[in-house]
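Make a model of the complete structure from these sequences and hints.
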Amino acid sequence: MTLTHTSTGVLEFESLRDLLRGYAGSPLGMGRIQHLAPSLDRDWIEQQQQLTNEIREFRRVGGRFEFAGLLDISKLVDEACIAGAALETTQIRDLIMVVDRAAEWREIVMTPPAAMKNWSAVPNISEGIADFTAFLREFRNKIQPDGTLEDRASPELARIRREIDKQKRTIQESLRGYLRRLAEGGTLQDELVTIRGERFVIPVKVEQKRRVPGVVHGSSSSGQTVFVEPIETIEQNNDLVRLLDEEQAEVHRILLEMTRRIGENAEAIRNAADVLAELELQFAKARFAEDYSCVPVSLSPARDAASGAD
Numbered sequence: 000m001t002l003t004h005t006s007t008g009v010l011e012f013e014s015l016r017d018l019l020r021g022y023a024g025s026p027l028g029m030g031r032i033q034h035l036a037p038s039l040d041r042d043w044i045e046q047q048q049q050l051t052n053e054i055r056e057f058r059r060v061g062g063r064f065e066f067a068g069l070l071d072i073s074k075l076v077d078e079a080c081i082a083g084a085a086l087e088t089t090q091i092r093d094l095i096m097v098v099d100r101a102a103e104w105r106e107i108v109m110t111p112p113a114a115m116k117n118w119s120a121v122p123n124i125s126e127g128i129a130d131f132t133a134f135l136r137e138f139r140n141k142i143q144p145d146g147t148l149e150d151r152a153s154p155e156l157a158r159i160r161r162e163i164d165k166q167k168r169t170i171q172e173s174l175r176g177y178l179r180r181l182a183e184g185g186t187l188q189d190e191l192v193t194i195r196g197e198r199f200v201i202p203v204k205v206e207q208k209r210r211v212p213g214v215v216h217g218s219s220s221s222g223q224t225v226f227v228e229p230i231e232t233i234e235q236n237n238d239l240v241r242l243l244d245e246e247q248a249e250v251h252r253i254l255l256e257m258t259r260r261i262g263e264n265a266e267a268i269r270n271a272a273d274v275l276a277e278l279e280l281q282f283a284k285a286r287f288a289e290d291y292s293c294v295p296v297s298l299s300p301a302r303d304a305a306s307g308a309d
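Quick note: the sequence shown, position 274, residue 273 per numbering that gives the first Met the number 0, numbers continuous.
By construction, these hints were calculated from the structure, which means they are not laboratory data.
Among the hints, erroneous ones may be present.
[What the hints assert, rightly or not] Quick list of in silico lysine-lysine cross-link-like pairs, PhoX-like style, CA-CA up to 25 Å:
1) Lys74 - Lys141
2) Lys141 - Lys167
3) Lys116 - Lys167
4) Lys141 - Lys165
Right, dumping it as structure tokens:
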């Protein structure tokens, strides 16, 4: 049961909620606070007070937990449940961060500080976090912080990337030799190798481009330089493009598999995210209570309306 809109306004609840939101460190927790509403449910109120008291005690004895960076992943989990869907690497990274943080909290609850051996409300809600040990092992060290897939994401990806590096070196060596020959005749604009459209090219003075047999891949903004792919490196560049296509295909395959595994664990992931959101609400309330020297309220027994019917 919730309060009426008028009662909520009298209590200035929205202002209080906005103030509390400032104590949250992640979009996940802020979202939970945003949907917070006052209630007349005595059991819920008492549970909330117990949770906040236990988190305050956890903090008092030095307990800490980091919520920063946690996003609301509900839509990502829903997308992962679609057959054939492939989440982006950054999306998987954000989702796995939530699962990993939930696993950290589960470990804290299983081995709490000595002073917290008797807490009850927090372990009760934390039961919603499953054991993600095996699941997280599948994702460990496979996505870099910037969202790039690590070479170790699969043996095939590692092999392809080694071939790509090798092919790039081969092309660069061929072009450096070509550059040395052209430099003697003053044909070059600059003695460097650059890339246009995933193909290695060399800059050539526009008036000298006929002296360099090959394919032109655009020009500089000034129009004084054209970028030429010498005919002798066309096949080498073709091989490089083929390898890059293989890399993208393998990346897509890996993302499909990762997304499928997320979909298979969708319910457990949703539950874990929900627990973290509730925990951040409690941590926010605990910090708020510390700053404003709040104390738990004592609830009076509910008045029986029938008792005053005389």
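- Message: Please verify whether lysine 116 and lysine 167 have alpha carbons no more than 25 Å apart.
- Response: violated, 59 Å
- 25 Å limit on alpha-carbon distance, applied to hinted pair lysine 141 and lysine 165: Holds, at roughly 22 Å.
- Holds or violated: are the alpha carbons of lysine 141 and lysine 167 at most 25 Å from each other? Measuring from Cα to Cα gives roughly 24 Å; hence the hint holds.
- Taken at face value, is the distance from the CA of lysine 141 to the CA of lysine 74 at most 25 Å? Holds. Lysine 74 to lysine 141 sits at ~22 Å (cutoff 25 Å).
Going through the hint list in order, the structure does not satisfy hint 3, though it satisfies all others.
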